[in-house]
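Read top to bottom, the protein sequences are chains F and Z. The letter at position 6 of the first sequence is residue 6 when you use my numbering, and the numbering goes up by one with no holes. The letter at position 226 of the second sequence is residue 226 when you use my numbering, and the numbering goes up by one with no holes.
Quick caveat, the hints were computed from the structure, so don't treat them as lab data. None of these values were measured; they are calculated from a predicted model. Errors might be hidden in some of the hints.
A few chain Z residues that face chain F, going by a derived Cβ cut-off under 7 angstroms, partial list only [to be verified]:
1) P70
2) L72
3) L77
4) V160
5) V185
6) A189
7) A196
8) D200
Cβ coordinates follow ideal geometry from the N, Cα and C atoms, glycine included.
For reference, the chains in residue letters:
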Amino acid sequence: MIQYLTNNSATVLAALQQHIMLALLPVLIGFAAALPIGYLGVRFPWLYHPLINTCGVLYSIPSLALFLFLPVILGTKVLSPVNIVVALSIYTVALLARTVADGLRSVDTTVTQAATAMGYRRTRLLLDVELPVAMPVILAGLRVATVSNISLVSVGTLIGVGGLGQLFTRGFQLFYMEPILIGIILSVLLAGLADLIIVLIQRAVTPWARFQRGGAA
Amino acid sequence: MNFSYLLDPEHWDPDATGGFPQLLLAHLGYSALALLIGLVIALPVGLYIGHTGRGSFIAINAGNAGRALPTLGLLMLMVTLLGLGLLPVLIALTVLVVPPILTTTYAGMRALDHGVVDAAKGMGMRPWQVLTRVEFPMALPVIMSGIRSALLQVVATATVAAAVGLGGLGRLLIDGLSVNDYSRVLAGAIVVAVLAVALDLLLALTQRWIVSPGLSGRAVARTRRATTT
Numbered sequence: 001m002i003q004y005l006t007n008n009s010a011t012v013l014a015a016l017q018q019h020i021m022l023a024l025l026p027v028l029i030g031f032a033a034a035l036p037i038g039y040l041g042v043r044f045p046w047l048y049h050p051l052i053n054t055c056g057v058l059y060s061i062p063s064l065a066l067f068l069f070l071p072v073i074l075g076t077k078v079l080s081p082v083n084i085v086v087a088l089s090i091y092t093v094a095l096l097a098r099t100v101a102d103g104l105r106s107v108d109t110t111v112t113q114a115a116t117a118m119g120y121r122r123t124r125l126l127l128d129v130e131l132p133v134a135m136p137v138i139l140a141g142l143r144v145a146t147v148s149n150i151s152l153v154s155v156g157t158l159i160g161v162g163g164l165g166q167l168f169t170r171g172f173q174l175f176y177m178e179p180i181l182i183g184i185i186l187s188v189l190l191a192g193l194a195d196l197i198i199v200l201i202q203r204a205v206t207p208w209a210r211f212q213r214g215g216a217a
Numbered sequence: 001m002n003f004s005y006l007l008d009p010e011h012w013d014p015d016a017t018g019g020f021p022q023l024l025l026a027h028l029g030y031s032a033l034a035l036l037i038g039l040v041i042a043l044p045v046g047l048y049i050g051h052t053g054r055g056s057f058i059a060i061n062a063g064n065a066g067r068a069l070p071t072l073g074l075l076m077l078m079v080t081l082l083g084l085g086l087l088p089v090l091i092a093l094t095v096l097v098v099p100p101i102l103t104t105t106y107a108g109m110r111a112l113d114h115g116v117v118d119a120a121k122g123m124g125m126r127p128w129q130v131l132t133r134v135e136f137p138m139a140l141p142v143i144m145s146g147i148r149s150a151l152l153q154v155v156a157t158a159t160v161a162a163a164v165g166l167g168g169l170g171r172l173l174i175d176g177l178s179v180n181d182y183s184r185v186l187a188g189a190i191v192v193a194v195l196a197v198a199l200d201l202l203l204a205l206t207q208r209w210i211v212s213p214g215l216s217g218r219a220v221a222r223t224r225r226a227t228t229t
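Turn these sequences into a full structure, and let the hints steer you where they fit.
This is the structure we're talking about:
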């Protein structure tokens, strides 16, 4: 396996790089879109259930089907990487809009009431109080979305662009295990690393969580 | 947009090889078989870990590991190791089904109100009775959510498995791509998407039906409605 890596380091690195791009770009797009959508679901309670149901339906569509269905809607080429980015963004939004809504709903009403009594207006209440308090829930959703995006990207190789998935098809065509194993290991490592980074971010943005745990015990 | 393949009645003939009914049936067959094997493995292990608390490390991390594992890579690895055929694909599908069920079964058992379990013991229930009559029914909503995500996973992966030679609806996508017949690809994508959504809905309804009404809040709502009117 080391042998294969040293002989094909350029290919593997290029695949890895493409994989990171294809997986993380949708996470950013999806996260940015999910925040306002999730907020709407809380702000207008009648929207909550339709929103959750739509997200559930979108999330249940198999990835390969979505990759191949999007060209009709977007007018893109069937083998375009844009389809993969959009498809994974849709999954991310579907997953995160719900977590954002649930996170915001889980904020203790006494906290929001206290903030309102202190003179917080709606926008500042949301940005300075509700969002930070909901952050652990939202970031837990973000971890799930990121990890599953990273593993889904490789399916894209069936339509020609799949980051590390290219190693799978290459190995499969040659009936040669090495590239497939390397692809799987790198993909899992990448997912683990991304997960770890989000955990560290969570620690940084919710410093009170550590004190609470230490203080209460 | 070209729906000619999807709407061609010839492709809906139940006897036609490669027609929708046969592909659908094959697809459902693989998925159901893998889900069944996965349930037989994951459910008892999850219940055991949840009931005793032993080996919880495995149950917690199984879900994450399963999510991180690239499905296509696993499929192609299995086929490369074991050769073409149904068995390697079935193994790969089962490997994907186990983690979500295992993790949610454990999580459902752990999330139970301890007072209820203690009360059951206090009433003289044996450990087996506590498990089957109290813990399992109460953990069922969470377990069902795991089974639902496992089913979605397996239906999606069975589609991808056409790339390693498996039959089923994925054939329309893979074959359509290779001969540049987008009408066929689109037909396959639509049928697969509809199948996944329909199956998820079906399981959601099953969940409503098998979860005790006392747990879902429906019984409370019913009595409340009855008393107010």
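Each hint, compared with the structure:
| no. | hint | in the structure |
| --- | --- | --- |
| 1 | P70 | holds, 4 angstroms |
| 2 | L72 | holds, 5 angstroms |
| 3 | L77 | holds, 5 angstroms |
| 4 | V160 | holds, 5 angstroms |
| 5 | V185 | holds, 5 angstroms |
| 6 | A189 | holds, 4 angstroms |
| 7 | A196 | holds, 5 angstroms |
| 8 | D200 | holds, 5 angstroms |
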